Each structure stands twice: as structure tokens, then as C-alpha cells.
Amino acid sequence: MLRLSALSKNFGGLRVLDNLDLTVPSRGVFGLIGPNGAGKTTVFNLITGLLAPSSGSIEFSGERLNGLPPFMITRRGIARTFQNIRLFKEMTAEENVLVAMGEHPQYGTLKALVPGAYRRAEDSERKTARELLSRVGLSAKAHQPAGFLSYGEQRRLELARALATTPKLLLLDEPAAGMNAAEKQELIEEIEKLEASGLSILLIEHDMRFVMGICGEIAVLNFGRWIAQGSPAEIRAHPKVIEAYLGSNDPGGN
Amino acid sequence: MEWLDSFWSTYSTLVLSTGTNVLLALSIYVTLACGLLSLANAGFMAIGAYSAVLLTLHTVTPLPLALIVGAIAAAMIALLIAVPTLRLSGVYLAMATLAFGEVVRILILNAEDVTGGALGLNGIPQLVGLFEVISSVTVALYVFLRLAHSRIGRTIAAISQDEIATELMGLNVRAYKLVCFVIGAALAGLAGALNAHFTFFISPNEYGFERAVEILAMGVIGGVSSPWGAVLGGTLITALPELLRGMGRYRPLINGVILIMIMLYSPKGLWDGLQTLLRRIRP
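Note that the protein sequences, when read in sequence, are chains A and B. For the first sequence, my numbering assigns the number 1 to the initial residue and increments by one for each residue that follows. For the second sequence, my numbering assigns the number 1001 to the initial residue and increments by one for each residue that follows.
Heads up, some of the hints might be wrong.
[To be verified] Just the calculated beta-carbon pair ranges, DEER-fashion: (1) B/ILE1164 to A/LYS240: 31 to 39 Å; (2) A/ARG130 to B/LEU1065: 46 to 54 Å; (3) A/SER134 to B/THR1276: 25 to 33 Å; (4) B/THR1276 to A/ALA196: 43 to 51 Å.
[What the hints assert, rightly or not] Which residues of chain A face chain B? A partial, calculated answer using Cβ under 8 Å: (5) PRO25; (6) LEU68; (7) ARG86.
[To be verified] Simulated coverage check for chain A against chain B, where a stretch passes if three residues somewhere in it have a Cβ under 8 Å from a Cβ of chain B: (8) 88-100; (9) 117-131.
The hints are simulated quantities; they were obtained by calculation from the structure and are not laboratory data. This structure is a prediction, so every number in the text was calculated from the model and none was measured. Even glycine gets a Cβ: it sits at the ideal position worked out from N, Cα and C.
Kindly produce the complete structure, drawing on both the sequences and the hints.
Have a look at this one:
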């Protein structure tokens, strides 16, 4: 479904991603892990069009994505959440979701000018927004400003907001960061539900138990290169992965 | 009704200016609302004023058509300069649009054959009265109030809070900014065209840096959380100097102090401050 071919990214003279190939299947949960600074978020930024690749290509459902502006990529069916939460903090939770639904509006500009038609269109949008909020367990917080929500709640709201764009592929950048054990368990259940509904999910996460528990396949990035790819069990046993995370036994430092 | 007549003969210009200033405040409101700090609206006002006046002065164009031409002329120029300038943001955009305003002023100053240069244009027919001003303000305000509470208003608010997140919600941020900038220009052009037709006389210096800052001040003082903020800001900036007439030469000083106090105690503008106050009084 999503295919990266020979993807590279340089920041000035620094090669952040080096010749990456990756195919994310159209179903299931795919994990992207690696030590800090490995280039994981850069991969997300390239996929969503926030950064332009230095070379290589990104294809989604057979269509080339590089060169498209970010909003067009979202409209093709790729949504994401952010490592450092980027909600519209002064808006309510419900409004945050409503903004993301703007892509497929049920009412146009003219309707907004006519009171009756506006009310009906607005009500139906709000109903959809409420359904999304209840899906992530935020029904009770619909009218709270997003900035007032707890960290875990903000992460869940970001998820609801991403879902409001009706994605086919969901990119989650450290979705479990800052969550407690109970919240993490809820998140796992939610991600499993999304997977069951036919969504493809690509996620970056540092919590290994979380990643191993939920991902069907995992790719490991270090210094901008793939060092391993496979099932959770294979990754756990892979010598290069252990080396990347824990360092090598070799006194020579290799 | 004698007092009304005498009031009108003394204050008609002030009342009409309040109306056009509210339009100007709305014009900067729509640009500020999506996070664009623009100082171009005085320039757009000049374009609107000159193009409308040249029509009514030299041809038999009916006023409504002249007003529309004024607004459209400003909008077209806005479209033209938007392509390079809207790539900028923050103070860089302010600097570029400030330069644009100066370019407009200097062009008018030097195109003496058409614009009368520094002497300006004189003997403009007095075609604009209370009706034209009030109906323009009402229509603009109605449209803005409705849109502010709709999907479009939400998107614009989202852009001002986080452009990148908005873009990644599948919304064409550039297009929204462009439309806001152009609509702001059209409104400023309309305000200029209206204003010119009740002041007899226009000259390039009315549309310089001071005017640009005044327009920005109306938007900021009023606040951009609601179009009502623009109404408040436009009215206050017009009325304050009149209310302080008794202060004599201390007028600009007091004027400045009041504006600073507003920004100090209600940094999101008067409208937002009033809302907060109301909520505190009756929760």
C-alpha cells in the first residue's frame, strides 16, 4: 500500500536517511523503531509531505506522493499524530475533531450564510464528531478546551482528530508516550479495533512491550539505515538490534 | 428635530467615518484571524478610493458600480502580490506589506496626470450617505458573523493556532490564507471608495504608514476572536480622539495611554476582555 523506494534525506551535509526501501502492507500494524535520532520522525515527515525527499520516491496505492502538498497527501488517505502533540489548544475537543472533518464538508460556504440550512449541516457534523470522541473515550470532555485535557487525553484526542480525516493509513508518532499502564492498555485495544476495521497503521514507539505486543511486523532504523526487519520475535533476537540499543560487546567498538 | 439636524451637520463625517473604519477593522480582522500580520490594507484602501473616484469624477458611472470596481481593483492587486508575499509570515510579512503600501503611495504621488499627485483629487461628488455606509457594514458584518461560527471560521482559527497541523488535516492552508487576504483587500478597497465619496478630497498621504498602523490598531484593539471585536476597535479608534477633544494638546498622550491600558489588561482585544468580564459578573 505504502512503498518507499531508495528514499534519502539530507539536511545540508548530513545524511539523515540513506536509501530506505520499505513496503507497508494495506492491513495490520507496522512498527518503526530505533534509537533516538535514528530518523524515524523524518520518515513520517517525508511521507506526509512536510519535508521533500532528497532522492527516492514514495508511493501510496500506486500513486507517487512526493511533490504533493501535505493537505493533498492527507486527502489521499494518510493521517498522522505528532510526537509533540499539536492540538488546537484554544478550541474544544469537539471543535478539534470538526476542523479535521473539513476535508469532506457536508455544507458549503453558501449554506453557512442561511441560518436554517447552516444549523442542520452543523448538527450533522457535530454528531459525527461526537461519535469519534466517544470512540476514544472523550465524550465527557467534548466541550473542554483541548489545552485543559490531560496528556493521555490529548493523545487520544489527536487520534480522534486524525481519524476524522477518514484515513486508510494512520501514522502514529509515539502514541503511548506519557501514558500510564491503564491508558496504554486502552490504546492497544483501540489500535486493535482500528486494525480490525481495515486500517493500516504505521507507528513509531519507544515502549518495547507496547511495540512487541501490537505490531505484526517491525522495522528497525539506526543512523538512517535499516538494520533489521521482521516479526517481533525475530527483532527481539536480532544481534544488530541488540547492538544498536545496548551497544556491542566488542571492545573495538564495532 | 432641530438638535438632530445640528448634530448631523457637525458630526456626519464622524459618523460616516466610524462606519468606514469599522469596514477597515473588519478588513484587517479577516487577515489577522488566519494569522497574517499585514500592513497592506491602507494601500488597498487607496487603490479602492482612487479607482472609484476616477470613475465618478470623469464618467457617469453610478455609485454602486464605482464602489464595486474599487473593491475589485483592490482584490485583483491583492491577488497579484499575495503569490510572493504570503510565503512570508510574522514580521517578515508585515515588512513586505508595509513596503507594498509605500509603493502604492509613491505611485499615486507620481502619476500626477491621473491622480493629481500630491495635490490629490478635489471636488469628489458627495454620493455616500448613511444608507450606503450602514448597508455595507451590515452586509459585511452579517457574512463574517455567520462564517465565523461555521466550518470556515473554525478552519481559519485552526490556521492561526497551528498551520502545520491544519494542513495535515487535509485543509489547503495556502488557499485559505489567500482568500482571507484578498477578501480583506476587497473590503479595504470598498471602505476607501465609500470614504472618498463623503470627504470631497483625497490625497496619497491619507493612505500612508500612519493609516496602515491605525487599521492594524483597530483590529488588534478590538480583537480577532469575533467580528464584533472589529466593530468595537473601529468605533473606539474613531471616537477616542473626539471624546478626548477637551484634553487639548494632551490628547494624543491620553489616547496612547488608553490603548496601552487596553492591550495590557485585555491582550486579546476589547471584545475578548468584555466577554471575560461578563462571565465573571454572571457566571
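Can the hint on A/LEU68 be confirmed by a CB-to-CB distance to chain B that is less than 8 Å? The hint is violated - A/LEU68 has no Cβ within 8 Å of chain B, the shortest such distance being about 12 Å.
Between A/ARG130 and B/LEU1065, is the Cβ distance one that fits in 46 to 54 Å? With a Cβ separation near 48 Å, A/ARG130 and B/LEU1065 satisfy 46 to 54 Å, so the hint holds.
Under a C-beta cut-off of less than 8 Å, do 3 or more residues of the segment 88-100 of chain A approach chain B closely enough to confirm the stated coverage? Holds, because 8 residues of the segment 88-100 of chain A bring their Cβ atoms closer than 8 Å to Cβ atoms of chain B.
A/SER134 paired with B/THR1276, Cβ distance criterion 25 to 33 Å: 31 Å, holds
Tell me if the interface restraint on A/PRO25 is satisfied: Cβ within less than 8 Å of some Cβ in chain B. 23 Å, violated
For the range 31 to 39 Å, tell me whether the beta carbons of B/ILE1164 and A/LYS240 fit it or not. Distance hint for B/ILE1164, A/LYS240 holds at roughly 34 Å.
Does the Cβ distance between B/THR1276 and A/ALA196 fall inside 43 to 51 Å? Roughly 46 Å apart at Cβ, these two residues keep to the hinted range, so it holds.
Hint validity - A/ARG86 Cβ closer than 8 Å to any chain B Cβ: Status holds, d = 4 Å.
Within 8 Å of chain B's CB atoms, at least three CB atoms from the segment 117-131 of chain A: coverage verdict: holds (count 3)
Hints 5, 6, counting from the list given before, are not met by this structure.
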